[in-house]
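With the hints as extra help, turn the sequences into a complete structure.
Which chain is which? The protein sequence lines are A and B, in order.
Here my numbering is used: the first residue of the first sequence is 75, the next is one more, and so on.
Here my numbering is used: the first residue of the second sequence is 15, the next is one more, and so on.
Listed next, the in silico PhoX-like pairs over lysine-lysine satisfying Cα-Cα at most 25 Å (straight line):
id: 1; chain 1: B; residue 1: Lys314; chain 2: A; residue 2: Lys531
id: 2; chain 1: B; residue 1: Lys25; chain 2: A; residue 2: Lys434
id: 3; chain 1: A; residue 1: Lys167; chain 2: B; residue 2: Lys416
FYI, nobody ran anything at the bench for these hints, they're computed from the structure.
If you're wondering where the values come from, they're calculated on a predicted model, not measured in any experiment.
Listed here are the chains, written in short residue letters.
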Amino acid sequence: MVDTIFEKSRPSRRAAAQRIEGEVAHQLIPEPYRRTSPPALPEVSELQAVRHFTNLARRNFSIDTHFYPLGSCTMKYNPRGAHRAAMQDGFLKRHPLTPTSHSQGVLACLFELQEILQNVTGTAQVCLTPMAGAQGELTGALMIKAYHADNNDHERTEIIVPTAAHGTNPATASMAGLVAKEVEVDADGDVDLESLKRVVSAKTAGVMLTNPSTCAVFERRIQAISDIVHDAGGLLYYDGANLNAILGRARPGDMQFDVLHLNLHKTFATPHGGGGPGAGPVGANERLAPYLPTPMVTKSDDGYRWVDESERPKSIGRLSAFMGNVGILLRAYAYSLLLGGNGMCNVSEYATLNANYLMKRLADAGFHPAYPDRRATHEFAISLRQEAKETGVTAMDFAKRLLDYGFHAPTTYFPLLIPECFLIEPTETETKEELDAFADAMIAILREAQQNPELVKQAPHQQSVGRLDEVHAVRHLDVTAH
Amino acid sequence: MPFIPHTHADKDSMLETLGIASTEELFDEIPKNIQCDGLPDVPDGISEMSMLRHMAERAHNDTTGICFLGAGCYDHYIPAAVWDIASRGEFLTAYTPYQAEASQGTLQLVYEFQTMLASLTAMDVANASVYDGASALAEAILMAVRVNRKSKSRRVLVPASTHPFYLATVKSIVTHQGIDVEIVPSVDGVTPISDIDLDEAVAVVLQQPNFFGVLEDADSLTTKAHEAGALMIGVVNPMTLALLKPPGDWGDTGADIVCGDGQPLGIPMASGGPSFGFLCTRMAHVRQLPGRIAGRTQDKDGNDGFVLTLQAREQHIRRAKATSNICTNQGLLVTAATIYMTLLGPQGLVEVASACVRNTHLLVDRLTSHPNVTKHFNTPFFHECVLDFGEPADKLQQKFLKHGILGGHPLTGLIEKGEQSMLVCATEARSEQDIERYYEALENG
Ligand SMILES: Cc1ncc(COP(=O)(O)O)c(C=O)c1O
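Below is the structure:
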């Protein structure tokens with residue numbers, strides 16, 4: 075590691091970036107409210123700060139620097155144009171409580187984005203405020219709950235999720251005060267209908283599904299699932315993490331989903347920022363739309379304006395201090411203008427082509443797709459179980475060695491039901507050459523695993539640090555420098 | 015095809031490898047009757063140049079003038095280097111640092127951020143962010159209920175002087191876990207500590223300075239909460255902590271959980287988001303803290319490095335039993351805030367906070383020199399203050415806007431005669447001329 079910024083600090087050194095003349099206004103703060111000792115922020119020059127953080131940046135893999143085939147995360151190119159569009163003064167300097175008379179620009183963008191997302195998902199209304207996929211899920215779960223409560227259906231306390239579901243699905247159920255129940259996935263990666271019939275009951279509030287599923291295959295019996303759930307009085311939630319696979323080809327609304335979220339930081343190419351921010355707009359059909367959170371944007375004769383609970387009495391209410399991650403919404407809007415409806419259809423086409431091609435190349439080289447008889451969607455899973463058995467080299471070892479070959483690793487060990495799993499999502503913005511190079515690296519690592527397994531098990535060798543000890547981190551917890 | 019690099023030759027050779035004639039075949043597992051025929055209602059794509067022209071017009075529409083609005087989002091100066099560095103592709107376009115060895119930049123930065131936030135709040139640990147200040151308060155309350163196992167109650171007290179949108183968010187989220195949020199009315203803009211009945215409360219919240227800009231008696235409430243067996247949750251603006259007593263030092267043993275919004279630390283107002291929420295706590299409670307946490311560890315050769323740690327709290331490991339469902343957080347804003355705090359240092363932050371306090375006091379003195387304008391509360395305030403204008407605030411706000419002044423936040427329904435009051439704020443970015451222009455707008459109405 076490089077020294078922390080605190081080790082570079084010297085008493086009374088400072089950057090000139092923000093310097094204000096005038097006396098310190100202690101006297102305006104009554105004595106009992108005052109701070110007595112200064113916070114231990116670093117004291118460095120502006121150049122030291124710039125150099126430190128620039129050097130930290132260089133220790134990251136990113137889309138801009140590396141192929142980043144992280145399954146379920148849709149790490150596609152984040153267009154610079156969309157970034158620039160959102161970074162304009164008029165947008166950046168707009169205070170969230172500015173009267174609507176002086177906010178018509180941003181409101182128009184948000185209104186049009188709502189409409190685009192309604193079209194893309196086949197829903198009746200969209201609310202843009204949820205700040206990431208998981209908050210979208212919570213929104214959906216609360217809407218489902220509110221709907222049942224409205225119908226005096228108070229016994230519906232269970233949310234059904236597939237065993238392969240993303241962790242946020244069951245965690246969301248708990249957060250909403252509901253109980254997560256699991257449904258099995260069959261050998262082909264589809265939800266097991268018999269298992270579903272067993273768990274569905276008068277207690278079912280709803281089912282959360284990703285489609286294509288987290289097993290990276292299209293849930294073929296979605297209509298049967300929808301019938302089983304709806305017939306039992308439950309509702310259907312669509313986790314939109316994998317929408318990139320079907321953008322412009324199949325719409326969750328047409329699959330009978332009642333409510334859903336999109337991850338704009340996946341399908342709509344907004345940058346992931348090393349952890350966030352994202353945006354998780356929620357769409358709903360006519361039945362659930364009245365429960366959408368506030369605020370939303372509407373258009374009337376005298377322009378665009380916000381809509382709050384006073385006009386939407388059934389709304390589940392507010393989920394953020396203002397109106398969510400507007401800066402991200404603007405980027406997604408700019409991206410949809412660049413692509414248009416036609417460009418969106420190309421996204422799913424080429425994302426799917428790339429994934430199927432890469433799966434074929436790996437299968438031809440002797441790797442094992444988790445569902446060899448299925449099409450890849452925008453992503454696919456392989457299991458390295460056999461390689462691990464034969465060479466002792468695990469999926470984790472493969473992942474770390476890939477870094478040395480200049481590739482970010484795919485998602486590892488998710489979904490858990492596929493042993494030694496790699497979930498690989500190339501996205502539509504990668505070239506054939508890049509996919510070939512990745513396949514070649516996998517083949518080379520397999521050869522290393524057979525001939526010199528220690529080399530792979532000790533990887534990575536060419537990063538700024540060697541393999542890090544996560545157990546040590548928990549046992550000797552060190553989470554601040556002071 | 016924007017951003018898709020395939021040539022015809024690429025596509026043909028890929029289809030050949032796959033042994034299929036067209037990409038249509040790749041979708042043959044999707045039942046025909048749920049396939050749609052493209053997106054006819056979404057207009058065709060346009061060029062980057064046209065898109066930027068359109069967006070520039072929209073952005074230009076929203077130019078308002080001089081901002082005296084606060085109420086949870088503040089117009090601070092942001093040094094040039096902050097977003098120059100934060101916008102580097104390696105920060106901007108990385109994912110959550112799951113592969114630690116390929117993410118040392120982000121992980122070390124988060125570790126440094128945690129250190130800075132813990133020091134600012136005088137707490138032991140901080141997480142790597144949640145969505146915003148309002149959702150941070152909801153998470154803090156859920157966390158307090160998990161931590162305070164001695165209390166059998168689910169009664170949480172939240173003063174009416176808390177940001178109203180934070181209150182609304184808390185109600186939308188926490189009530190679903192059977193938590194009973196009780197609002198404590200304020201008296202003259204402050205929370206009447208001695209009147210509060212803390213019987214059977216599991217936690218108490220206090221925002222300092224409160225929504226009205228007023229300083230609360232955090233010391234007394236913290237001590238009283240602890241005596242009653244309740245946890246103390248502080249909601250703070252991190253910038254104010256350069257001058258104000260940090261929550262870790264409140265009352266007898268300090269607050270137990272501290273949260274707030276990081277927007278004042280180098281984040282543009284940008285319609286209120288993205289900013290980031292932060293959560294800090296005592297080491298004893300770290301296992302109940304939601305969100306990512308970076309920790310220092312060693313590599314196999316004994317060199318220091320950083321990883322995400324205590325992941326057993328999180329949804330990807332613990333699923334239904336996780337501390338929260340949060341996954342994607344507000345990482346890039348944490349990056350900007352860390353660079354901002356580094357560039358300011360302890361002295362710079364004190365200067366900014368002082369200038370905010372000084373300018374708001376100047377603004378209040380100047381505006382109340384007008385015969386129609388009075389202070390609503392007569393209590394010490396930080397960098398926001400409620401003023402009564404003696405006429406409907408909505409209309410007044412429109413008049414001010416004609417003079418290029420964004421005058422404040424009308425308080426209709428929030429305080430007595432709120433429809434004639436506004437919450438005003440003057441940050442370090444306001445000059446004496448700006449304040450004079452506000453006064454002129456008031457006079458020329
Ligand atoms: C299938 C799935 N569902 C939900 C989520 C959660 O979304 P977010 O991280 O935006 O909260 C993810 C994100 O990785 C995901 O892959």
